[in-house]
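> Sequence:
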Amino acid sequence: MSQVGKRFGQLVVVKSELLRSSGGHPFTKYTLRCTCGREFTLRSQALLRRKAHMCGPCYRAAQQEQATTAGYLHPLRSVWYNMIHRCHYPEDARYAGYGGRGIFVCDRWRGEDRGEAVYSQSGFEAFLEDMPPRPSDAYSLERIDNNAGYSPSNCTWATVAEQAVNKRNVVVVTVAGTSACVAEWQRALSVAADLQEVAKKYSLSLEQVVAGALAQRALGATRVRWRKIPGAKISQKIHV
1 MSQVGKRFGQ
11 LVVVKSELLR
21 SSGGHPFTKY
31 TLRCTCGREF
41 TLRSQALLRR
51 KAHMCGPCYR
61 AAQQEQATTA
71 GYLHPLRSVW
81 YNMIHRCHYP
91 EDARYAGYGG
101 RGIFVCDRWR
111 GEDRGEAVYS
121 QSGFEAFLED
131 MPPRPSDAYS
141 LERIDNNAGY
151 SPSNCTWATV
161 AEQAVNKRNV
171 VVVTVAGTSA
181 CVAEWQRALS
191 VAADLQEVAK
201 KYSLSLEQVV
211 AGALAQRALG
221 ATRVRWRKIP
231 GAKISQKIHV
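Sequential numbering of the sequence shown, starting at 1, is according to the working numbering.
Just so you know, these hints were derived from the structure itself, not from any lab. Where hints are given, some of them may not hold.
Ranges of calculated distance between the beta carbons of each label pair, as one might list FRET restraints [to be verified]:
{"no.": "1", "residue 1": "CYS36", "residue 2": "ALA161", "range": "24 to 34 Å"}
{"no.": "2", "residue 1": "ARG77", "residue 2": "PHE40", "range": "45 to 55 Å"}
{"no.": "3", "residue 1": "CYS36", "residue 2": "ALA96", "range": "50 to 60 Å"}
Calculated lysine to aspartate or glutamate pairs in the DMTMM-like style (CA-CA distance at most 25 Å, straight line) [what the hints assert, rightly or not]:
{"no.": "4", "residue 1": "LYS233", "residue 2": "GLU207"}
{"no.": "5", "residue 1": "LYS228", "residue 2": "GLU197"}
{"no.": "6", "residue 1": "LYS6", "residue 2": "GLU39"}
Predicted model only: the values in this text are computed from it and were never measured. Heads up, the beta-carbon is just placed ideally off N, CA and C, and yes, glycines get one too.
Work out the full structure, taking the sequences as your base and the hints as a guide.
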């Protein structure tokens with residue numbers, strides 16, 4: 001019975017040929033036309049086994065559209081997924097610095113309908129709704145309070161330089177009621193020297209280093225002389 005004119009999804013059989021394989025076994029080859037106009041050939045068995053009754057380009061376009069609609073191709077999906085993975089999967093290489101120390105993702109961003117799963121698609125949709133647009137690819141997800149988890153109130157976009165200021169290993173120094181990390185004090189004092197190295201070299205505390213440098217600047221010094229800071233004594237040969 002001829003299959004010419006029969007429709008399989010987006011495909012219509014426009015030609016049917018009865019052929020024989022090199023081993024002498026008969027088979028039917030169809031010429032098929034997709035709704036987009038493309039034509040290609042398939043054996044009858046392959047057509048019946050084919051999951052998607054459309055041509056290859058239409059199938060790929062449909063898959064991409066489906067993925068885009070579901071958010072799988074969204075440029076921020078990997079940001080969201082990696083956030084969850086490092087916080088909730090112990091096998092992740094970064095888990096010790098996140099989930100291992102109590103840093104987790106809020107229920108809203110994991111998907112409140114996830115049930116027993118770690119996350120669900122609704123979590124990604126909530127993440128997109130809550131976060132402001134990322135300024136550019138140079139920005140990555142950053143927690144404002146580095147000891148708190150990922151949530152709408154504790155997350156922003158930051159550059160690598162901005163993130164460096166918020167690392168757990170940033171040392172905060174308080175002098176005359178003002179608290180700032182070492183890097184911020186260096187900028188405020190307009191010095192190129194590493195203040196932690198200065199403290200080591202002259203056997204001073206960071207508070208002494210900053211207070212001494214501030215005192216010299218207040219007196220109009222254009223260059224901070226570390227050895228002139230009260231209590232300074234060279235203990236190590238460190239270049240500063």
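> Each of the hints needs a verdict: does it hold here or not?
Against the structure, the hints:
For CYS36 paired with ALA161, a C-beta distance near 49 Å fails the hint of 24 to 34 Å. A hinted range of 45 to 55 Å is violated for the C-beta pair ARG77 and PHE40, which are about 33 Å apart. Between CYS36 and ALA96 the beta carbons are some 51 Å apart, a value that agrees with the proposed interval 50 to 60 Å. In summary, the hint linking LYS233 to GLU207 is supported, as the alpha carbons are separated by about 15 Å, within the 25 Å threshold.
For the hint linking LYS228 to GLU197, the alpha-carbon distance of about 16 Å falls within 25 Å, and the restraint holds. With a C-alpha separation of about 15 Å, the suggested pairing of LYS6 with GLU39 holds against the 25 Å cut-off.
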